[in-house]
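First to last, the protein sequences are chains A and B.
The opening residue of the first sequence carries number 1 in the working numbering; numbering runs sequentially from there.
The opening residue of the second sequence carries number 1 in the working numbering; numbering runs sequentially from there.
Simulated from the structure, these hints should not be mistaken for lab results.
Fair warning: there could be bad hints in the mix.
[As the list claims (entries may be wrong)] The following label-pair restraints were derived from C-beta to C-beta distances:
| no. | chain 1 | residue 1 | chain 2 | residue 2 | range |
| --- | --- | --- | --- | --- | --- |
| 1 | B | A119 | A | L209 | 52 to 62 Å |
| 2 | B | P166 | A | S341 | 32 to 42 Å |
| 3 | B | A68 | A | L116 | 45 to 55 Å |
| 4 | B | T51 | A | L164 | 25 to 35 Å |
| 5 | B | H233 | A | I285 | 51 to 61 Å |
| 6 | B | S16 | A | A179 | 54 to 64 Å |
| 7 | A | A146 | B | E128 | 36 to 46 Å |
| 8 | A | A220 | B | T51 | 35 to 45 Å |
| 9 | A | F150 | B | G163 | 29 to 39 Å |
| 10 | B | G215 | A | I217 | 56 to 66 Å |
| 11 | A | E245 | B | D165 | 34 to 44 Å |
| 12 | B | A68 | A | T178 | 47 to 57 Å |
| 13 | A | F186 | B | A68 | 57 to 67 Å |
[To be verified] Chain B side only, calculated, beta carbon under 8 Å to chain A, not exhaustive:
| no. | residue |
| --- | --- |
| 14 | L47 |
| 15 | P66 |
| 16 | Y76 |
| 17 | P78 |
| 18 | C81 |
| 19 | F85 |
| 20 | F87 |
| 21 | E91 |
| 22 | M95 |
| 23 | G96 |
| 24 | Y98 |
| 25 | Q104 |
| 26 | F105 |
| 27 | Q150 |
As the structure is a computational prediction, the values presented were derived from the model and not from experiment.
Heads up, the beta-carbon is just placed ideally off N, CA and C, and yes, glycines get one too.
Here are the chains, one letter per residue:
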Amino acid sequence: MSPPNPIRSGRLRFVRIVLSCAALLIVVLGVAPLFGSSQLDVLHALWDKAPLAENPALRVLLYSRIPRVVAAALAGAGLASAGVAFQALLRNPLADPFTLGVSSGSSLGAVLAIRLGLETVMVSGHPLGELALSGCALIGALAVVALVFFLGEKGAAGPTTLLLAGVTLALMGGALITAVLYTADFAETYRIVRWQMGDLDVMRYDLVLRMAIPVAIALALLWPRARDLNALSAGPDAAAGLGVEVQRSTRIVYIAASLCVAAVVAVAGPIGFVGLLVPHTLRLIIGPDHRLLLPTSALCGAAFLVTCDTLAQVVFRPAVLPVGVLTACIGAPFFVGLLLSRGLRARLWS
Amino acid sequence: MDRLEFGYGGHRVLRSIALQISAGEAVCILGENGAGKSTLLKLCAGLLKPTGGRVLIGAEPLAGLPRAAVAQKIAYLPQECTHVFPFSALEVVLMGRYVRARNQFEGAEDLSVAEAAMAATDVLALRERPFNQLSGGERRRVLLAQALAQDTPLILLDEPTAGLDPAHALALGRALDVVCSRGKALLFATHDLNLAARFAPRAALLHQGELRLSGPTLDVLAEAGPLLGIQLHLGRLPSGIPFAVPT
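This is chain A alone, in the form it adopts within the complex:
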């Protein structure tokens, strides 16, 4: 019998774990479209030779359930990856798109877009539509990140200060959103409130694509920086001593993570706790190595959010719960438990 591989980050172990997570995601992706807010005989619809126009079950599957599942997977992957990235960058296990205020900056942008009616603004003969919302969400996210980043670069701010700054920004964003709501009319208020719930309802393929491209770019930027994030766990000076181009690396990771959050929030609204819940659970199982943590967080984050979204459709059928409500209901108790259990905490961070 050969001794166990002493490196937790060995290549073989990487392949094994990533493949397991990928298999989990594939199973979830395969099963999830079978369930939805309405009861459909999906399997029968698939084997039905009737043309698409005469096969409503297949149409629901193709135009409602599958895009929704793919959107949930992308959002989950993006949010979980952004969580890992922010936690590593700020050397703070409690950092996540929400605690840093990135989500609320993004929300404020989107809410302003709704309130100001930017969707109806005509550009060269076409209305801006949802592009206005996405664009504003992205600007909001980047503005907050720029601010947090600026505080970090100024050096005066340690990880705790940054987190406090993030929480403050989040509170301010919330207050501004309330102010916008106060001035909004009934229809706008309804849209804003619904949007803020974090919802994957009415997913269309063009929306899915609008989320897929930035998330894919962000993940492609993040993964090669995994070793840098490992080294940064010991602080910027120690990482630089090991040969990490600290400034370049942190900038890339910041931008990639914000891009993820903005893309997801713009399309799906704020969905909380994925960036905390998924990375911490994975750290308990596979350890802190970011080379493993980044890809597995993306895969498991996707599987997690797809599962949550499917549950959200099924539990109170035919009513559909916004998925953000469900992730918060699962995430908050988990996180409180994590904070209270010293044993678990010691295995996650010091």
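Got chain A; can you put chain B on it based on the hints?
Chain B only, in chain A's frame:
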């Protein structure tokens, strides 16, 4: 083989410092708190840019080299080093292979280098333990192993024995000796005069940002008293080990 020269004006933290270290040599930097020891080490590591003068490695100036190139020549251990996430001791040592490993994942060669380094600093038995749960002395020796695994001709250490109990401080000193005997040049800042006397043949003393004394450690210590604000009694144990006691 390592020729280092420093200047750092403006701030006037350090003024026209010239120092040279050769392979296999251990040099300690002495001085009061705020004398500029840490600044000097950071300059040497390329973490701060000098406002004047330059640092040379061999004949090559440090300025302008990319970090990866610097890290192949100089390992730097900051005074405080804790990991946020619970990496194992071995994983921390393997991080020393950042600029050496050819792929994202360290290979068998990296692993054997890391384990040899851990054996040299006597921490191989701790390899599976979480770094953060080790004692201060064990952590410093793990980091020394990391620097060894980085395989650089020069290792910089900022107060390697700060906060260590006598047993761990001695163990660290011995580990420094082992590292030196492998042809590495060591430059470390310390307040531990006995560590300096015993393990560093050469010393440099900084006082208010200026290099005031430089030479064989015992000679430096003999004149160091007034500059450190103390009187020093130097002597040797019957076994030949030098000591320095403030009186």
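Task: Status of the given 29 to 39 Å range, CB of B:G163 versus CB of A:F150 - done: Roughly 34 Å apart at Cβ, these two residues keep to the hinted range, so it holds.
Task: chain A contact restraint for B:P78 - C-beta distance below 8 Å - done: holds, 5 Å
- [ ] Against chain A, run the beta carbon of B:Y76 and see if the smallest gap drops under 8 Å.
- [x] Check passed: Cβ of B:Y76 comes within 3 Å of chain A, closer than 8 Å.
Task: Hint validity - B:L47 Cβ closer than 8 Å to any chain A Cβ - done: At 6 Å from the nearest chain A Cβ, B:L47 passes the 8 Å test, so the hint holds.
Task: A:F186 versus B:A68 beta-carbon gap, inside 57 to 67 Å or not - done: holds, 59 Å
Open item on the list: Please check whether B:M95 passes as an interface residue: C-beta within 8 Å of a C-beta belonging to chain A.
Closed with: holds, 5 Å
TODO: Check the following: the C-beta atoms of B:H233 and A:I285 are separated by a distance inside 51 to 61 Å.
DONE: Roughly 58 Å apart at Cβ, these two residues keep to the hinted range, so it holds.
Task: Interface hint compliance - B:Y98 to chain A, C-beta minimum distance less than 8 Å - done: Nearest chain A Cβ about 4 Å off; hint holds.
TODO: Take a look at whether the Cβ-Cβ distance between B:S16 and A:A179 falls inside 54 to 64 Å.
DONE: The hint (54 to 64 Å, Cβ to Cβ) holds, given that B:S16 and A:A179 are roughly 59 Å apart.
Task: Assessment of proposed distance window 34 to 44 Å (beta carbons of A:E245, B:D165) - done: Since the Cβ atoms of A:E245 and B:D165 sit about 37 Å apart, the hinted range of 34 to 44 Å holds.
Task: Agreement of hint B:F105 with chain A interface, Cβ distance less than 8 Å - done: holds, 4 Å
Open item on the list: Given a cut of 8 Å on the nearest C-beta pair, is the interface hint for B:E91 held or broken against chain A?
Closed with: Status holds, d = 6 Å.
The structure fails none of the hints (numbered hints given earlier).
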